[in-house]
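Trainee: Single-letter residue listing:
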Amino acid sequence: MILVENLHFAYNGREVLRRVNLAFGEEILALVGPNGSGKTTLAKHFNGLLKPTRGRVLVDGLDTRRHTVAELSRKVGYVFQNPEHMFFEETVFKEVAFGPRNLGLSEEEIKERVRWALRAVNLEGFEERTPYSLSGGEKQRLAIACVLAMRPKYLILDEPTTGLDLRAERSVVETIKSLRESGHGILLITHDMDLVLELAERVVLLMEGEKAFDGPVDEFFKLNLDNYGLERPELLVLAEKLGVGFVRNFDELLRGVGR
Amino acid sequence: MIYQFYVERDSLLHSLDPRVKIIGTLIGITSLMLFNDPKVLIPLFLLILLSGRVLGRLGIGEQLRLLKPLLFIVLLTVAIWPLVYRPRLTGLLLGVSFSLRLLGFGLITFQLLMTTRQRELILGFVKLGLPYELGLTLTIALRYIPTLYAIANTIMDAQRSRGLELDRGNFLERIRKTVPILIPLIVAALKTAHELSIALESRAFGASKRRTFYRDIAMTKRDYLALGVLMVCFAFLLYLRFVLGIGNIVIYR
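So the sequences go chain by chain: A and B.
Its first residue numbered 1, the first sequence is counted upward by one per residue in the numbering used here.
Its first residue numbered 1001, the second sequence is counted upward by one per residue in the numbering used here.
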C-alpha cells in the first residue's frame, strides 16, 4: 500500500501540490488532470524522486524521506513518458539487465528476470536487437520491461500510449492488463479518457495541485468532464444515446444493445 | 523548468538597442580580464550585479540563481588557491576574486540574455556584421541550454528510478555511471537538432541570399548616449590599468 498523507510540495516558492491524501494498492488507478495540474509531480513522490515539503508518503510502511530512490526502486517502478530517455545499451538484453544489475543480483538471477520481463511484455526474441531500432510500441513495452525486471510491486506508467498507433496501443493495453492480473498495483498517468474508461478501476482527478475527485471509474464519468477540460469518451456518448448505461468497452456495448 | 532566460521587464537595459548591449557585454568581459587584483575584481563583480538590479530591474537572487551550475568549479577554485599559495590568506582572497571573475563572465552574459529577446539578439549580431547563420546558430545554442538541462534532469530521474546511484562509489565508478545519462542525452540532442534543421528548412531557411527583417532596429539618441557612457567607462578602466598601473598584482614570483 502506498499512503500519501497531507502532502504539500513547493517548487521555487510556489506550492504545486496541496493537501493531497491518497491510498493506492493493488489496483489500476488513473491519475488525470489538465497540463500543469501536478500529476507527474505527485507520481514522482511515489518512488522518492521528489520528497514532500510537508506531509509524508509511505511505501509499504517506508517513509520516502528516509529512503533513497534506489532503495524504493525495488518496490516502485517508474516508466517515464519517453522511453528513449532511458535507453543506452547496445542490446535489449543488456538494457533490461541494467536495473536488476543495480540491485546487485547474481548473473543467473539477472538472466532469469530479463527473460521473464521480456516475456511479460511480449518481446521474446528481441534480446539481441538494439533498443533504438524498435518501433514505438515495442520501445514503450521495452521501457516497461526494464522497470518490470526489478520486480516492483507498484508500477507508475506516465502516458504509456501517447503517440502510438492503434496496434501498438493495443499491445501496451494488453501488457497493462496482464500485469494487473499478476498482482501489480498500477498508477496510470494519462490524458486519454478512452484508456481510463477501459483500464482504470479508480480515478483520481487533480486540479491545480489539489485532489478534485477520487472514486470508482463509473462515478468519475458521471462528472461533467467539460469543467475540467477533459473529453467524454465517444463510447459513453454512444451508450447513453442507445440507452445502455455505463459500459467500459465495445463488447459490453454490443451485449447491452443485444439485450 | 526554465526554457528561456528572457524576463519581461520595463527597464533601461531592456529598451536599449541590442548592439549596445552586445558591445557592453564584450566590454564587461574584457574589463574583467584586465584585472587580477581582488581589490578591483570584487567591486567590479558587485558593480555588475548592482547594475543588473538598477538598470535592468533584475532581482539579485534572480541573477545569482542562474550562476548555480558554476558553484562546483567556484568551490574548487576557492578551496585550491589557499592550498597552493602562500601566504594562505592571500591565496584565499585570490581564489575568491578569480571565482568572482568567472562568475562575472557568466553574470554579464546572463544579463544580456535576460534583457534581450532572442530575435533582437540575432538582429543585433547581424547588424554588427556577423553572418545571419552564425547569429542564428549562436542564439539557438543558447536557447537550447535550458532545454537540454531539463532533458538531462529527466534522464537522470529515469535512470535513478532504475536503481542507478549517482552519488555513490569512487571517482572512476562515478565516471562510469555517467554513461547511462550521457548516451540518451546525446541521442536526444541529435534528434532535436535534426528536427530543428527540418523545421528551419521547411520554413525556407536559406532560400534567398539577402535577408530582410520584419522587425528592424535603429539606434536612437539614447542608444548612442549609452554607448558613449560605456566607452568612457572602458577608457577610464584602461587608463587605471595601463597608465596608473592599478589593479594588477604580481602573483607568481
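FYI, nobody ran anything at the bench for these hints, they're computed from the structure.
Be aware that a few hints might be false.
[To be verified] Below, a list of computed lysine-lysine pairs in the DSSO-like style, where the Cα atoms sit at most 30 Å apart:
hint	chain 1	residue 1	chain 2	residue 2
1	A	Lys51	B	Lys1177
2	A	Lys222	A	Lys211
3	B	Lys1068	A	Lys139
4	A	Lys51	A	Lys75
5	A	Lys111	B	Lys1068
6	A	Lys94	B	Lys1177
7	B	Lys1177	A	Lys44
8	B	Lys1068	A	Lys51
9	B	Lys1191	A	Lys94
[To be verified] Computed far set for chain B versus chain A, every beta-carbon distance over 12 Å:
hint	residue
10	Asp1010
11	Pro1038
12	Ser1051
13	Leu1076
14	Thr1077
15	Thr1109
16	Glu1133
17	Arg1143
18	Arg1168
19	Ile1183
20	Met1219
21	Phe1236
22	Leu1238
Virtual Cβ for every residue (Gly too), placed ideally from N, Cα, C.
Trainee: Confirm or reject each hint.
Mentor: Structure-based check of all given hints:
1. Lys51/A x Lys1177/B: holds, 23 Å
2. Lys222/A x Lys211/A: holds, 17 Å
3. Lys1068/B x Lys139/A: violated, 35 Å
4. Lys51/A x Lys75/A: holds, 16 Å
5. Lys111/A x Lys1068/B: This hinted pair is violated, its Cα atoms lying about 43 Å apart.
6. Lys94/A x Lys1177/B: holds, 15 Å
7. Lys1177/B x Lys44/A: holds, 22 Å
8. Lys1068/B x Lys51/A: The given pair, whose Cα atoms are some 21 Å apart, holds under the 30 Å limit.
9. Lys1191/B x Lys94/A: Given that 30 Å is the threshold and the Cα spacing comes to 23 Å, the pair holds.
10. Asp1010: holds, 23 Å
11. Pro1038: Since the minimum Cβ distance to chain A is about 33 Å, Pro1038/B lies beyond 12 Å and the statement holds.
12. Ser1051: holds, 25 Å
13. Leu1076: holds, 26 Å
14. Thr1077: holds, 27 Å
15. Thr1109: holds, 22 Å
16. Glu1133: It holds; Glu1133/B is separated from chain A by about 29 Å at its closest Cβ, greater than 12 Å.
17. Arg1143: holds, 20 Å
18. Arg1168: Label violated. Min Cβ-Cβ 8 Å, cutoff 12 Å.
19. Ile1183: violated, 4 Å
20. Met1219: holds, 37 Å
21. Phe1236: holds, 39 Å
22. Leu1238: Leu1238/B is indeed farther than 12 Å from all Cβ atoms of chain A, at 41 Å.
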